[in-house]
Amino acid sequence: MRRSSQRSSKSGGAEPAAAGSARIPGRSSVLARLEPHLFYLPALVIYALFMVVPVAGTVGLSLVHWDGWGAPSFAGLANYVAAFRDPLFWQALWHNLVLIPYYVVLPLAIGLVLAAVIEQLKLRGTGFFRFTLFLPYIMPGVLVGVVWRWLLNPVFGLVNEVLALFGVAGPAWLGDFKLALPTVGLIGAWAGYGFCFVVFLAGIQKIPAELYEAARIDGASAVGEFWHVTVPGLRGEMVVVLVANMINALRAFDVIWATTRGGPGRQTTVIASYMVENAFNINRVGYGAALAVILAVVTIALSTATLRLLGERK
Amino acid sequence: MRRWVSVFLGITLIAALVGCSGQSGTSSQPQGGSTQGTTQQSEQGTTSGTEQIKLVFWDTNNSGVLKDVVEQLAAEFEQQHPGVKVEHRGWTTEELQKSLQRAVSSGEGPDIAQINNGESSMGPMVRAGLLVPMDQYDEKYGWSKRIAAGLLARNRYTDDGQTFGTGTLWGVSQTGEIIGFYYNRQIFAENGVSVPTTFDELEAAFETFKQKGVTPIVLGNLDKWPAIHVYGDLQGAYTTLEYLDQLIYHQGNQTWETDDIIVPAQKLQEWVQKGYLMENFAGVGYDDAWKIFANGGGATLLAGSWLSGDLAKAMGENVGFFLMPDRDRPTVHVGGVGLPYGIIKTTKHQDLAAEFINFLVSDRAVELLIANETLPGLPIGDEHIKEGTLSGDLYRAWNYANQTNTVGHYMDWATPTFYDTLTASLQALMAGEMDPEGFARELQRDYAAFLATKQ
Chain E
129 MRRSSQRSSK SGGAEPAAAG SARIPGRSSV LARLEPHLFY LPALVIYALF MVVPVAGTVG
189 LSLVHWDGWG APSFAGLANY VAAFRDPLFW QALWHNLVLI PYYVVLPLAI GLVLAAVIEQ
249 LKLRGTGFFR FTLFLPYIMP GVLVGVVWRW LLNPVFGLVN EVLALFGVAG PAWLGDFKLA
309 LPTVGLIGAW AGYGFCFVVF LAGIQKIPAE LYEAARIDGA SAVGEFWHVT VPGLRGEMVV
369 VLVANMINAL RAFDVIWATT RGGPGRQTTV IASYMVENAF NINRVGYGAA LAVILAVVTI
429 ALSTATLRLL GERK
Chain L
122 MRRWVSVFLG ITLIAALVGC SGQSGTSSQP QGGSTQGTTQ QSEQGTTSGT EQIKLVFWDT
182 NNSGVLKDVV EQLAAEFEQQ HPGVKVEHRG WTTEELQKSL QRAVSSGEGP DIAQINNGES
242 SMGPMVRAGL LVPMDQYDEK YGWSKRIAAG LLARNRYTDD GQTFGTGTLW GVSQTGEIIG
302 FYYNRQIFAE NGVSVPTTFD ELEAAFETFK QKGVTPIVLG NLDKWPAIHV YGDLQGAYTT
362 LEYLDQLIYH QGNQTWETDD IIVPAQKLQE WVQKGYLMEN FAGVGYDDAW KIFANGGGAT
422 LLAGSWLSGD LAKAMGENVG FFLMPDRDRP TVHVGGVGLP YGIIKTTKHQ DLAAEFINFL
482 VSDRAVELLI ANETLPGLPI GDEHIKEGTL SGDLYRAWNY ANQTNTVGHY MDWATPTFYD
542 TLTASLQALM AGEMDPEGFA RELQRDYAAF LATKQ
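Note that the protein sequences, when read in sequence, are chains E and L.
Each residue of the first sequence is one higher than the one before, starting from 129 at the first, in the numbering used here.
Each residue of the second sequence is one higher than the one before, starting from 122 at the first, in the numbering used here.
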């Protein structure tokens, strides 16, 4: 707004180049007013093409019955009603909620402690630690799944071999009815803490060094510095990380699909895997789309609520 | 300014919604029109020089020997038909169905494609009028004289797409599949066990292995589906083909809550409890499992014929194959046909497509398949059966099952959602989280829900 008003005041001036357009004041002001919008038009077109259209398409699909082959028939809200009546949907949603501590709290704690340890202790080779500790986060989820499937293989996997050294017979992990969900949760935590770690690492840099010095003069221990300087100083970063991780927990898919495909039984079925199964494997495209919409709504609602509760007040 | 943006976004959104629903609502007609446009164009493009016809076929042969076989056949077909260019594209099984769905509905599908049997693709495609009926070509090429009726039935649907397993022929399969026990000849010999000929002998053999600390059956069920074949083959010892036909083809108001289903479920749990299945099988993947078997990690592997090439390569003369032995009646063996090749309705070259499909199941094709240790969808001549080899065992088993009409079904064909229900329930059954009666009840629940949608 400020820019465009500057512009129009200029064109109203005595400059010869602007004099021509000054003769048609209406048109020039329209152009002038449009100009700033033209700058984001390309981005808007891309956004519309790759975000708005698919989202609208998904909403549209959620309102039809379609087997993926023939002509779709209008279903109204039947797919949504079906979801709310589907015990498997509720079971999957419950699994998403169970995953929240694994995907949110654990990575946050691990990332925070690691960042504080590396920054406060000023260890040698910080760059190396930063790089290697961040590595799991940049690995694609499917690869993380494949790697852990291999590590957790009960016949020749590393985890059970190590347990065997201590005389413990390792379980089937990903195939065990009670352990499967916590196991994929822990894998998710492993895959996600790198993000928290890097955000906190950056955040610590901006905490004034004087605060640490003052704390030290007051006789604070390293743990004291952590609790009274580092943690309060990272409040903003924590909110960001919290919301991002929560979204990850709700849309959890790749690691689960690559490890258990939602099994054993349905012990690790989450909304996203149930959605993919419906939309692509068993030809219930409309129902799958409805699940996607519900998942999006739940995600938006929960992350907005979190931001409202914890976000910085201006 | 914010209002301006929101108005713009609102308009895009509505336009997108309208555009989308318009597209899906009228997908069959105008897109059919555009198909003609594109195919005509491409034909004009190629006819400018010499008369050239392009035949495109899609299947799941995206790697390995089967890819080589079909591409070799395509090249030979081109030689026999000057001016014809045959283009092959291989996908993974999951990708093929998704890509075909998109391509066919946008009018850019191939001339020929492998169509998943039953309700996963063939049923919906027949109902949507996307396939060319192949009865006239059956008359011309005599497929039903060469291929067992029970196998061909798997590629049949009534014209309205309502009844599976009967009516018009919509595709022809090139390969056959059968489930049975691969066994480690050395482990069998070392423990004084010979190939069991009755069900009691089989269980006795497992007990012997167990006593001697050898894993009787190698299994990895982390990927969910391998148990379909283990339970299915065991179930085959307690049932009849008529019962299974009725269930799979939805005829005769059959139910899953019978002893045919429950008793073998009890037997499977018993095998798990007795330790006949590999320890911690629930946490091992399918590919890892057969490699464990190939490395001598157990006496048998209950799996499909499609592994024969890989296992022969890894184990040489040390591996053999036998079918689930009979109990009091002939065992029905899980198996069937590879994905059938069907003709997509939008093709411009129906007759040529049918001729190519016929070539895919010709004697020449069988010869190539056998040379590559793959099981053709037809009985195999004695001249190909070599004693003491894995393929020899396998071909004899396949001929036997075809002659005795005991090639059963993949149970997950029963309903569109059955794969999901069956795999989840089997994992629960084998973990002791579900009892055999509850297992049968769960299958019936899925089945009844599907039948209800058909009425």
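No lab work stands behind these hints, which were simulated from the structure alone.
Heads up, a few of these hints could be off.
[As the list claims (entries may be wrong)] On the chain L side, residues computed to face chain E include the following (Cβ under 7 Å):
hint	residue
1	N312
2	N401
3	P557
[As the list claims (entries may be wrong)] Restraint ranges, calculated between C-beta atoms of paired labels, are given here:
hint	chain 1	residue 1	chain 2	residue 2	range
4	E	W278	L	A435	31 to 39 Å
5	E	G204	L	R566	47 to 55 Å
6	L	A435	E	L286	22 to 30 Å
7	L	G373	E	W218	31 to 39 Å
8	L	T287	E	S431	33 to 41 Å
9	L	A570	E	I428	26 to 34 Å
10	L	Q394	E	Q219	26 to 34 Å
11	E	S431	L	E208	42 to 50 Å
12	E	T432	L	Q193	37 to 45 Å
13	E	V183	L	Q394	28 to 36 Å
14	E	V183	L	E438	54 to 62 Å
[What the hints assert, rightly or not] Listed below are the simulated SDA-like cross-link pairs for lysine to any residue, each with C-alpha atoms no more than 20 Å apart in a straight line:
hint	chain 1	residue 1	chain 2	residue 2
15	L	K466	E	G198
16	L	K395	E	G198
17	L	K469	L	V205
18	L	K575	E	F202
19	L	K188	L	L489
20	L	K412	E	F202
21	E	K306	L	K466
22	E	K306	L	G406
23	L	K331	E	K306
Note that this is a predicted model, so its numbers are computed, not measured.
Glycine included, C-beta positions come from ideal geometry on N, C-alpha and C.
Right, here's what the structure says about each hint:
no., hint, verdict
1, N312, "violated, 21 Å"
2, N401, "holds, 4 Å"
3, P557, "violated, 15 Å"
4, E:W278 / L:A435: 31 to 39 Å, "violated, 19 Å"
5, E:G204 / L:R566: 47 to 55 Å, "violated, 26 Å"
6, L:A435 / E:L286: 22 to 30 Å, "holds, 24 Å"
7, L:G373 / E:W218: 31 to 39 Å, "holds, 35 Å"
8, L:T287 / E:S431: 33 to 41 Å, "violated, 53 Å"
9, L:A570 / E:I428: 26 to 34 Å, "holds, 32 Å"
10, L:Q394 / E:Q219: 26 to 34 Å, "holds, 27 Å"
11, E:S431 / L:E208: 42 to 50 Å, "holds, 48 Å"
12, E:T432 / L:Q193: 37 to 45 Å, "violated, 59 Å"
13, E:V183 / L:Q394: 28 to 36 Å, "violated, 51 Å"
14, E:V183 / L:E438: 54 to 62 Å, "holds, 59 Å"
15, L:K466 / E:G198, "holds, 13 Å"
16, L:K395 / E:G198, "violated, 49 Å"
17, L:K469 / L:V205, "holds, 13 Å"
18, L:K575 / E:F202, "holds, 18 Å"
19, L:K188 / L:L489, "holds, 12 Å"
20, L:K412 / E:F202, "violated, 49 Å"
21, E:K306 / L:K466, "violated, 49 Å"
22, E:K306 / L:G406, "holds, 18 Å"
23, L:K331 / E:K306, "violated, 27 Å"
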